[in-house]
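K.L.:
Just so we're aligned: the sequence shown equals residues 59 to 634 in our numbering.
Some hints here could point you the wrong way.
[What the hints assert, rightly or not] Mimicking DSS-like on lysine-lysine, the simulated pairs with C-alpha atoms at most 27 Å apart in a straight line are:
#, residue 1, residue 2
1, Lys605, Lys488
2, Lys164, Lys219
3, Lys488, Lys321
4, Lys148, Lys164
5, Lys148, Lys74
6, Lys352, Lys321
7, Lys605, Lys615
8, Lys448, Lys488
9, Lys219, Lys148
[Unchecked claim] Now the in silico label distances, taken between C-beta atoms and shown as ranges:
#, residue 1, residue 2, range
10, Trp328, Glu216, 38 to 46 Å
11, Asp262, Leu603, 41 to 49 Å
12, Arg199, Ser604, 36 to 44 Å
13, Ser73, His353, 40 to 48 Å
14, Arg530, Asn611, 44 to 52 Å
15, Ala455, Ser251, 33 to 41 Å
Because the hints were derived from the structure by calculation, they are not lab data.
In this text, a Cβ means the ideal position worked out from N, Cα and C, and glycines have one as well.
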Amino acid sequence: MSTLHLRHIESALDSKFATFVGLSDVSSSSPQSQRQRFLSRSLAAYPVAEITASAPQEVALGITDGTDDNGIDLVYYDSSQERLYLVQSKWHADGSGGPQVGEIQKFIQGFRDLVNLRFDRFNEKVRHLQRQITAALDNPRVTIECFYVHTGTHDATEHVKRLFDDLEHEMNDSGEVLHTRVFKQSDLHAMVSGEVEGDRIDLDVALFDWGQVTEPFAAYYGQVAASDVAAWWRDHGSNLFSRNLRKFIQASDVNNTIAESLKSSPDHFWYLNNGITVLCQSIARKAIGGLDRKHGQFACEGVSVVNGAQTVGSIGTGHAGSNGDSSAADARVLVRLISLENCPPSFANTVTRATNTQNRIVNRDFVALDPEQERLRIELRIDGLTYALKTGDADPAPDDGCSVVDATVALGCAVPDVQWAVQVKREIGKIWEDTESSLYRSIFNSGVSSTALWRSVQVMRVADARLATIQRREEGRRRQAAVHGNRLLLHCVYRCLPPEYFREGFAPVNDEVVQGLVDRLFEAVIDSVEADYEANYLASLFKNLSKCRTVRNGMLKSVPQIALAAGMSPVAGGDR
Numbered sequence: 059m060s061t062l063h064l065r066h067i068e069s070a071l072d073s074k075f076a077t078f079v080g081l082s083d084v085s086s087s088s089p090q091s092q093r094q095r096f097l098s099r100s101l102a103a104y105p106v107a108e109i110t111a112s113a114p115q116e117v118a119l120g121i122t123d124g125t126d127d128n129g130i131d132l133v134y135y136d137s138s139q140e141r142l143y144l145v146q147s148k149w150h151a152d153g154s155g156g157p158q159v160g161e162i163q164k165f166i167q168g169f170r171d172l173v174n175l176r177f178d179r180f181n182e183k184v185r186h187l188q189r190q191i192t193a194a195l196d197n198p199r200v201t202i203e204c205f206y207v208h209t210g211t212h213d214a215t216e217h218v219k220r221l222f223d224d225l226e227h228e229m230n231d232s233g234e235v236l237h238t239r240v241f242k243q244s245d246l247h248a249m250v251s252g253e254v255e256g257d258r259i260d261l262d263v264a265l266f267d268w269g270q271v272t273e274p275f276a277a278y279y280g281q282v283a284a285s286d287v288a289a290w291w292r293d294h295g296s297n298l299f300s301r302n303l304r305k306f307i308q309a310s311d312v313n314n315t316i317a318e319s320l321k322s323s324p325d326h327f328w329y330l331n332n333g334i335t336v337l338c339q340s341i342a343r344k345a346i347g348g349l350d351r352k353h354g355q356f357a358c359e360g361v362s363v364v365n366g367a368q369t370v371g372s373i374g375t376g377h378a379g380s381n382g383d384s385s386a387a388d389a390r391v392l393v394r395l396i397s398l399e400n401c402p403p404s405f406a407n408t409v410t411r412a413t414n415t416q417n418r419i420v421n422r423d424f425v426a427l428d429p430e431q432e433r434l435r436i437e438l439r440i441d442g443l444t445y446a447l448k449t450g451d452a453d454p455a456p457d458d459g460c461s462v463v464d465a466t467v468a469l470g471c472a473v474p475d476v477q478w479a480v481q482v483k484r485e486i487g488k489i490w491e492d493t494e495s496s497l498y499r500s501i502f503n504s505g506v507s508s509t510a511l512w513r514s515v516q517v518m519r520v521a522d523a524r525l526a527t528i529q530r531r532e533e534g535r536r537r538q539a540a541v542h543g544n545r546l547l548l549h550c551v552y553r554c555l556p557p558e559y560f561r562e563g564f565a566p567v568n569d570e571v572v573q574g575l576v577d578r579l580f581e582a583v584i585d586s587v588e589a590d591y592e593a594n595y596l597a598s599l600f601k602n603l604s605k606c607r608t609v610r611n612g613m614l615k616s617v618p619q620i621a622l623a624a625g626m627s628p629v630a631g632g633d634r
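Start from the sequences, fold in the hints, and give me the full structure.
P.N.:
See below:
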């Protein structure tokens with residue numbers, strides 16, 4: 059069937075991209091060669107347009123295929139979802155073949171050059187996208203999606219899989235930064251035909267305390283037993299997530315938290331977990347169970363879990379009865395089943411995008427319940443300053459006060475142990491997750507005065523402003539160091555300042571002193587990074603505690619000279 063499937067894919071590419079894919083650089087080539095280039099280029103754009111639900115003409119603007127493309131055929135930044143897509147594509151006219159090791163190695167080398175902003179190694183098409191790419195890589199929350207797309211029927215070899223796995227392991231050592239994915243002919247045809255990838259998944263879903271939505275589109279909601287979710291995983295694995303933007307990541311802080319919650323408080327799991335959203339080609343309620351909404355059986359065809367992959371995977375990998383833990387098996391999970399039968403063609407992608415948009419600082423509101431925060435708010439108020447605690451509170455003007463976000467960043471970076479500065483950079487919301495944890499109490503405790511808080515924030519603002527100036531003048535890795543190394547550098551600024559500057563009765567630090575420290579410490583960051591991690595992606599490096607300790611130790615060798623040059627007494631490591 060590969061010839062028929064190829065015709066279907068080719069027709070879809072013509073339909074979507076015929077007027078949007080540029081071929082001026084190959085205008086002197088034969089019509090057959092131009093056709094091959096069109097198919098290969100539009101093939102790179104097709105899955106990105108489908109997954110992001112973006113306009114084909116918009117995605118086509120990111121096609122970079124051509125001489126000196128350095129292995130990257132398309133670059134597209136979905137700023138709303140904070141995802142950067144890098145694609146290499148191969149049109150196999152005979153429908154055979156698969157990814158070759160040499161092609162993947164070239165793709166990976168191009169990836170490394172791009173994330174390190176080595177634009178001189180790319181063609182004009184890539185350089186034309188330099189501002190867009192730089193904006194994406196400046197974003198500390200960006201996720202990079204690397205796709206290899208081909209029309210062959212062969213799976214990736216173990217060698218190819220290992221190349222991608224090694225790259226993911228390297229990039230994701232401090233968080234979920236990179237996903238790689240290979241699309242072959244069957245995956246593409248599944249997109250074209252409107253089906254999910256691979257074999258269709260049908261499930262009989264037992265819903266407890268269920269409800270129904272009938273307009274404008276049919277959907278059901280209720281609770282599912284965790285043991286049933288574990289069975290879904292056992293029978294279908296990651297194929298459940300065909301439309302999901304993310305696969306299940308076994309080793310992650312989020313999934314460890316899900317698993318622990320399931321084991322320690324199974325009867326509370328429904329209250330603590332966000333649940334699962336499932337798209338279905340069709341849903342039919344079975345007669346069994348009668349009219350009672352306490353329990354219903356639903357036949358779901360063409361199933362894909364579009365949100366909740368981490369919940370499904372965490373439950374399925376041994377935490378819901380498969381290890382003999384019957385209490386975990388009794389846990390319930392919130393589930394939404396959405397039927398696509400009468401939905402517009404783009405609705406599935408719209409739901410997938412919307413349900414994967416997350417509030418990254420959702421824990422912020424918890425800190426408003428902490429008495430220490432209320433004390434700080436009152437003390438700052440007495441000094442005529444505003445302290446914005448809750449998410450809806452308007453941030454005051456810089457001279458009038460600060461927010462709890464400002465305070466957490468400043469005080470976190472001021473802790474002598476660099477762990478807190480790294481946590482601020484990596485995931486600030488984790489600090490607010492538990493106001494009784496040592497992570498939180500090391501920053502906010504009875505020993506922290508409003509004076510220390512306010513002056514720490516003032517130092518941070520001066521340092522950030524100076525770094526913004528450095529960012530504007532620098533390029534490449536030096537610029538990335540100024541962008542992504544900002545919290546480690548701020549941590550070292552505090553290490554250079556004597557503790558008395560943060561106490562009542564002492565004059566505040568002069569702005570010029572802080573600016574001088576930033577300038578000198580920036581060069582120390584560069585020297586330390588290039589000495590130990592010259593090939594690392596800096597956005598990941600500055601979220602990795604072990605690597606940041608190494609960089610910090612290298613920098614602090616220079617602190618006495620840096621402090622003295624700024625007219626300070628060197629006191630690296632002093633408490634606030």
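K.L.:
None of the hints should be skipped; say for each whether it holds.
P.N.:
Each hint, compared with the structure:
A hinted pair counts as satisfied when its Cα atoms are at most 27 Å apart, and Lys605 with Lys488 qualifies at roughly 20 Å. A C-alpha spacing of about 15 Å is found between Lys164 and Lys219, which places the hinted pair at or below 27 Å, so the restraint holds. At most 27 Å may separate the alpha-carbon atoms for a hinted pair to count; Lys488 and Lys321 meet this at roughly 21 Å. With a C-alpha separation of about 13 Å, the suggested pairing of Lys148 with Lys164 holds against the 27 Å cut-off.
Restraint check for Lys148 and Lys74: the C-alpha separation of about 18 Å stays at or below 27 Å, so the hint holds. For the hint pairing Lys352 with Lys321, the CA-to-CA distance comes to about 25 Å; that is within 27 Å, so the pair holds. The straight-line distance between the Cα atoms of Lys605 and Lys615 is roughly 16 Å, inside the 27 Å bound, and the hint therefore holds. Taken as a hint, the Lys448 and Lys488 pair is honoured in the structure, with Cα atoms around 16 Å apart against an allowance of 27 Å.
About 17 Å separates the Cα atoms of Lys219 and Lys148, which keeps this hinted pair within 27 Å; it holds. Checked against the given bound of 38 to 46 Å, the beta carbons of Trp328 and Glu216, roughly 41 Å apart, stay inside it. Range check, Asp262 to Leu603: about 46 Å between beta-carbon atoms, so the 41 to 49 Å window is met. Separated by about 22 Å at the C-beta atoms, Arg199 and Ser604 break the suggested range of 36 to 44 Å.
Checked against the hint of 40 to 48 Å, the pair Ser73 and His353 passes, with Cβ atoms roughly 45 Å apart. The supplied range of 44 to 52 Å is broken by Arg530 and Asn611, whose beta-carbon atoms lie about 29 Å from each other. For the hinted restraint 33 to 41 Å between Ala455 and Ser251, the CB-CB distance of approximately 56 Å leaves it violated.
When each numbered hint is compared with the structure, violations occur for hints 12, 14, 15.
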